[in-house]
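Once you have looked at the hints, place chain B on chain A.
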Amino acid sequence: AQSVAQPEDQVNVAEGNPLTVKCTYSVSGNPYLFWYVQYPNRGLQFLLKYITGDNLVKGSYGFEAEFNKSQTSFHLKKPSALVSDSALYFCAVRDNPGTYKYIFGTGTRLKVLA
Amino acid sequence: EAQVTQNPRYLITVTGKKLTVTCSQNMNHEYMSWYRQDPGLGLRQIYYSMNVEVTDKGDVPEGYKVSRKEKRNFPLILESPSPNQTSLYFCASSERGGFGASQKLFFGSGTQLSVL
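Top to bottom, those sequences are chains A and B. Just so it is clear: in the first sequence, position 39 is 39 by my numbering, and no numbers are missing. Just so it is clear: in the second sequence, position 85 is 199 by my numbering, and no numbers are missing.
Isolated chain A, as found in the complex (with noise of 0.2 Å):
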């Protein structure tokens, strides 16, 4: 059965330091991976995506992602964090191709030290 991890609750960063935010999956075949943001009384709006391709994923906000299939991890990064970067952070996964499971990760939060 397929499953996302993130082992940290709770992240906290300095502004203008580099952030990690982690994420490792199980699937039986090729991942589809996925990061979204949450901002306070929102929806989730969708970061990035690993399909195939360049194992560096760029997306919005200066946000990227690392698969690396070896370790199972899609690690979410960014080089300089902003205040406004502090949200709720969701990884998730789907298979390739099975079906049109989501499977999500139990959330991180970021919080951007001024």
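Take these hints with a grain of salt, some might be off.
In silico lysine-lysine, DSSO-like type, Cα no more than 30 Å apart, as pairs [as the list claims (entries may be wrong)]:
(1) Lys111/A with Lys58/A
(2) Lys132/B with Lys183/B
(3) Lys111/A with Lys131/B
(4) Lys171/B with Lys101/A
(5) Lys218/B with Lys131/B
(6) Lys218/B with Lys101/A
(7) Lys132/B with Lys179/B
(8) Lys218/B with Lys179/B
(9) Lys22/A with Lys171/B
(10) Lys111/A with Lys77/A
(11) Lys185/B with Lys218/B
(12) Lys218/B with Lys183/B
(13) Lys183/B with Lys171/B
(14) Lys49/A with Lys77/A
(15) Lys218/B with Lys69/A
(16) Lys49/A with Lys185/B
(17) Lys101/A with Lys179/B
(18) Lys218/B with Lys49/A
(19) Lys58/A with Lys22/A
(20) Lys69/A with Lys49/A
(21) Lys171/B with Lys69/A
(22) Lys101/A with Lys132/B
(23) Lys49/A with Lys101/A
(24) Lys218/B with Lys58/A
(25) Lys58/A with Lys101/A
(26) Lys183/B with Lys101/A
(27) Lys179/B with Lys131/B
(28) Lys22/A with Lys218/B
(29) Lys218/B with Lys77/A
(30) Lys111/A with Lys218/B
(31) Lys171/B with Lys49/A
(32) Lys218/B with Lys171/B
(33) Lys131/B with Lys171/B
Calculated directly from the structure, the hints in this document are not laboratory data.
Using the frame of chain A, we list chain B on its own:
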């Protein structure tokens, strides 16, 4: 503007009183789905639909029903709500397809449901 619209935004009800949460998208998406968000559990998929008249169970379908009579609408029905269904609910839609498709889920703003 491309969007997924959920209604109502907030809903308080009592145990056993049937309710429907509506979801509509204006992007001609084939795929639609419902999720519930609970603290510490993240988002869990309730039901999804890959096309009109085609629905499938997600991970937590018990106590919920859905229908997909039209492409744009995907209502979530709680026929006899219970307090454990108190949660934040999200509807989402996307294109359906392989590598060439967007794969991007568009989410509604959410419905906060309280069952007393």
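Hint check:
Annotation: proposed proximity of Lys111/A to Lys58/A holds, straight-line Cα distance about 21 Å (limit 30 Å). With a C-alpha separation of about 20 Å, the suggested pair Lys132/B and Lys183/B falls inside the 30 Å cut-off, and the hint holds. The straight-line distance between the Cα atoms of Lys111/A and Lys131/B is roughly 40 Å, outside the 30 Å bound, and the hint therefore fails. Proximity of Lys171/B to Lys101/A is assessed by CA-CA distance (about 9 Å); at most 30 Å being required, the pair is judged to hold.
Between Lys218/B and Lys131/B, the direct Cα distance comes to roughly 35 Å. Violation of the 30 Å bound is thereby established for this hinted pair. With a CA separation close to 14 Å, the supplied pair Lys218/B and Lys101/A stays within the 30 Å bound. Between the alpha carbons of Lys132/B and Lys179/B the distance comes to roughly 11 Å, so the proposed pair stays at or under 30 Å and holds. Pair hint Lys218/B plus Lys179/B holds up; C-alpha atoms about 25 Å apart against a cutoff of 30 Å.
Distance check on the hinted pair: Lys22/A and Lys171/B sit about 29 Å apart at the alpha-carbon level, within 30 Å; holds. For the given pair, Lys111/A sits about 14 Å from Lys77/A by alpha-carbon distance, which is consistent with the 30 Å threshold. For the suggested pair Lys185/B and Lys218/B, the alpha carbons sit about 18 Å apart, so the restraint of at most 30 Å is met. In summary, the hint linking Lys218/B to Lys183/B is supported, as the alpha carbons are separated by about 23 Å, within the 30 Å threshold.
Between Lys183/B and Lys171/B, the direct Cα distance comes to roughly 17 Å. Compliance with the 30 Å bound is thereby established for this hinted pair. Between Lys49/A and Lys77/A the alpha-carbon distance is near 13 Å, which keeps this suggested pair within the 30 Å criterion. For a cut-off of 30 Å, the pair hint linking Lys218/B to Lys69/A stands: about 22 Å separates their Cα positions. Taken as a hint, the Lys49/A and Lys185/B pair is honoured in the structure, with Cα atoms around 25 Å apart against an allowance of 30 Å.
As the CA atoms of Lys101/A and Lys179/B are separated by approximately 17 Å, the hinted pair is consistent with the 30 Å bound. Taken as a hint, the Lys218/B and Lys49/A pair is honoured in the structure, with Cα atoms around 8 Å apart against an allowance of 30 Å. At most 30 Å may separate the alpha-carbon atoms for a hinted pair to count; Lys58/A and Lys22/A meet this at roughly 16 Å. Between Lys69/A and Lys49/A, the direct Cα distance comes to roughly 15 Å. Compliance with the 30 Å bound is thereby established for this hinted pair.
Proposed proximity of Lys171/B and Lys69/A is supported: the alpha carbons are some 29 Å apart, at most 30 Å. Taken as a hint, the Lys101/A and Lys132/B pair is honoured in the structure, with Cα atoms around 27 Å apart against an allowance of 30 Å. Our distance criterion of 30 Å between C-alpha atoms is met by Lys49/A and Lys101/A, whose separation comes to about 16 Å. As the CA atoms of Lys218/B and Lys58/A are separated by approximately 14 Å, the hinted pair is consistent with the 30 Å bound.
Taken as a hint, the Lys58/A and Lys101/A pair is honoured in the structure, with Cα atoms around 24 Å apart against an allowance of 30 Å. Restraint check for Lys183/B and Lys101/A: the C-alpha separation of about 21 Å stays at or below 30 Å, so the hint holds. Among the hinted pairs, Lys179/B with Lys131/B is consistent with the structure: their alpha-carbon atoms are about 14 Å apart, no more than 30 Å. A distance of roughly 21 Å separates the Cα atoms of Lys22/A and Lys218/B; the hinted pair therefore holds under the 30 Å criterion.
Taking the CA atoms of Lys218/B and Lys77/A, the gap is about 19 Å. The hint holds against a cut of 30 Å. Restraint check for Lys111/A and Lys218/B: the C-alpha separation of about 25 Å stays at or below 30 Å, so the hint holds. Between Lys171/B and Lys49/A the alpha-carbon distance is near 24 Å, which keeps this suggested pair within the 30 Å criterion. At most 30 Å may separate the alpha-carbon atoms for a hinted pair to count; Lys218/B and Lys171/B meet this at roughly 20 Å.
Of the pairs offered as hints, the one joining Lys131/B and Lys171/B holds, with about 23 Å between alpha carbons and a cut-off of 30 Å not exceeded.
Checked against the numbered hints listed earlier, the structure breaks hints 3, 5; every other hint is satisfied.
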